[in-house]
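Sequences and hints are given; from them, build the entire structure.
full-length UniProt numbering numbers the first residue of the sequence shown as 1 and each following residue consecutively.
I should point out that these hints are in silico values taken from the structure, not numbers from a laboratory.
Just so we're clear, the structure is a prediction, and the values are computed from it rather than from any experiment.
Idealized CB from N, CA, C, for every residue including glycine.
A portion of the hints provided could be inaccurate.
[What the hints assert, rightly or not] With a straight-line Cα cutoff of 20 Å, these simulated EDC-like cross-link-like pairs (lysine to aspartate or glutamate) come out:
#1 K190 x D136
#2 K180 x E55
#3 K135 x E57
#4 K191 x E57
#5 K163 x E109
#6 K58 x D136
#7 K180 x D99
#8 K175 x D99
#9 K191 x D136
#10 K190 x E57
#11 K197 x D136
#12 K190 x E55
#13 K197 x D99
#14 K135 x E55
[What the hints assert, rightly or not] Listed next, with one range per pair, are the computed distances between beta-carbon atoms:
#15 I74 x W172: 39 to 49 Å
#16 K46 x W172: 29 to 39 Å
#17 K197 x K135: 16 to 26 Å
#18 A201 x K175: 33 to 43 Å
#19 I196 x L107: 21 to 31 Å
#20 K175 x Q89: 17 to 27 Å
#21 L188 x I74: 32 to 42 Å
#22 K46 x L101: 26 to 36 Å
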Amino acid sequence: WGQQFSLAFSWSQHIHWVSTATHGSSSWFAKGLSPTVVLGAHSLSKQEPTNQTSEVEKFIPFSRFLSDYIPDDIMLIRQNPTKHRTRYQVTGWGATNPDLLNASDSLQEVTVTVICRKKICNSQRYCNHDPVITKDMVCAGNPRGQRDSCQGGGDSGGPFVCKGIFHAIVSWGHKCGITKKPGINILLTKKYQTWIKSKLAPSSTY
Numbered sequence: 001w002g003q004q005f006s007l008a009f010s011w012s013q014h015i016h017w018v019s020t021a022t023h024g025s026s027s028w029f030a031k032g033l034s035p036t037v038v039l040g041a042h043s044l045s046k047q048e049p050t051n052q053t054s055e056v057e058k059f060i061p062f063s064r065f066l067s068d069y070i071p072d073d074i075m076l077i078r079q080n081p082t083k084h085r086t087r088y089q090v091t092g093w094g095a096t097n098p099d100l101l102n103a104s105d106s107l108q109e110v111t112v113t114v115i116c117r118k119k120i121c122n123s124q125r126y127c128n129h130d131p132v133i134t135k136d137m138v139c140a141g142n143p144r145g146q147r148d149s150c151q152g153g154g155d156s157g158g159p160f161v162c163k164g165i166f167h168a169i170v171s172w173g174h175k176c177g178i179t180k181k182p183g184i185n186i187l188l189t190k191k192y193q194t195w196i197k198s199k200l201a202p203s204s205t206y
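Right, here's the structure in full:
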């Protein structure tokens with residue numbers, strides 16, 4: 001049932017795209033709401049270990065759909081591609097004991113899960129002030145704590161990868177492995193890619 005999503009009812013044809021009915025979805029965006037796509041869920045009320053939550057990047061209703069007219073009731077929704085593959089690897093010499101924060105002697109690796117920015121990282125329980133997590137950042141750890149990058153000793157600045165592909169840089173967090181307080185990573189977005197290319201260009205001056 002991996003193709004079933006909680007957006008009224010919808011199904012996936014592509015790794016980043018979901019198709020659903022327009023009449024039950026477009027009003028959410030018109031009202032400024034931010035629905036999410038949930039993969040791997042069997043229950044709407046329980047948080048299951050198979051759940052993978054993706055933020056919605058954009059939606060495209062069929063061009064001829066009218067709100068009071070049933071034909072052409074179809075739309076496409078693009079998931080944030082960063083959220084689809086939720087399991088990533090972080091490596092570094094950071095602390096393995098959050099109470100001691102001593103650097104590890106040998107290189108460590110931990111598998112972390114991307115966590116919804118809006119529900120967790122931009123809540124007052126996390127930051128205790130105005131939200132500071134932007135679209136250039138991604139939250140990752142374990143919803144129950146324990147698995148996380150750690151600032152003590154040497155995880156900061158390390159790679160955040162999936163299947164050997166570099167996606168982000170470990171940046172900061174609230175201690176290490178704390179429940180509902182995952183680590184924050186800087187995504188290699190187009191903004192940063194453009195900056196890197198400009199600095200690596202032969203004619204660039206530093």
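Taking the hints in turn, this is what the structure says about them:
A threshold of 20 Å between alpha carbons decides the hint, and for K190 with D136 the separation of about 9 Å falls inside it, so the pair holds. A distance of roughly 18 Å separates the Cα atoms of K180 and E55; the hinted pair therefore holds under the 20 Å criterion. Between K135 and E57, the direct Cα distance comes to roughly 11 Å. Compliance with the 20 Å bound is thereby established for this hinted pair. Restraint check: the Cα-Cα separation between K191 and E57 comes to about 17 Å, which is no more than 20 Å; the hinted pair holds.
Taking the CA atoms of K163 and E109, the gap is about 14 Å. The hint holds against a cut of 20 Å. The straight-line distance between the Cα atoms of K58 and D136 is roughly 17 Å, inside the 20 Å bound, and the hint therefore holds. Among the hinted pairs, K180 with D99 is consistent with the structure: their alpha-carbon atoms are about 17 Å apart, no more than 20 Å. At most 20 Å may separate the alpha-carbon atoms for a hinted pair to count; K175 and D99 meet this at roughly 9 Å.
A distance of roughly 9 Å separates the Cα atoms of K191 and D136; the hinted pair therefore holds under the 20 Å criterion. Of the supplied pair hints, the one linking K190 and E57 holds, its CA atoms being roughly 15 Å apart against a limit of 20 Å. Annotation: proposed proximity of K197 to D136 holds, straight-line Cα distance about 17 Å (limit 20 Å). The hinted pair formed by K190 and E55 meets the criterion: a straight-line CA distance of about 18 Å does not exceed 20 Å.
Distance restraint check for K197 and D99: the Cα-Cα separation of roughly 40 Å exceeds the 20 Å cut-off, and the hinted pair is therefore not satisfied. A C-alpha spacing of about 11 Å is found between K135 and E55, which places the hinted pair at or below 20 Å, so the restraint holds. In this structure the supplied range 39 to 49 Å holds for I74 paired with W172, their Cβ-Cβ distance being about 42 Å. In this structure, K46 and W172 meet the distance hint of 29 to 39 Å, their C-beta atoms being roughly 31 Å apart.
Roughly 20 Å separates the CB atoms of K197 and K135, a value that falls within the hinted 16 to 26 Å. About 40 Å separates the C-beta atoms of A201 and K175, a value consistent with the hinted range of 33 to 43 Å. For the pair I196 and L107, the beta carbons lie near 25 Å from each other, so the given range of 21 to 31 Å is met. For K175 and Q89, the Cβ-Cβ distance of about 21 Å falls inside the hinted range of 17 to 27 Å, so the restraint holds.
The beta-carbon spacing between L188 and I74, approximately 34 Å, falls within the hinted interval of 32 to 42 Å. Taking 26 to 36 Å as the suggested C-beta distance range, the pair K46 and L101 conforms, at roughly 35 Å.
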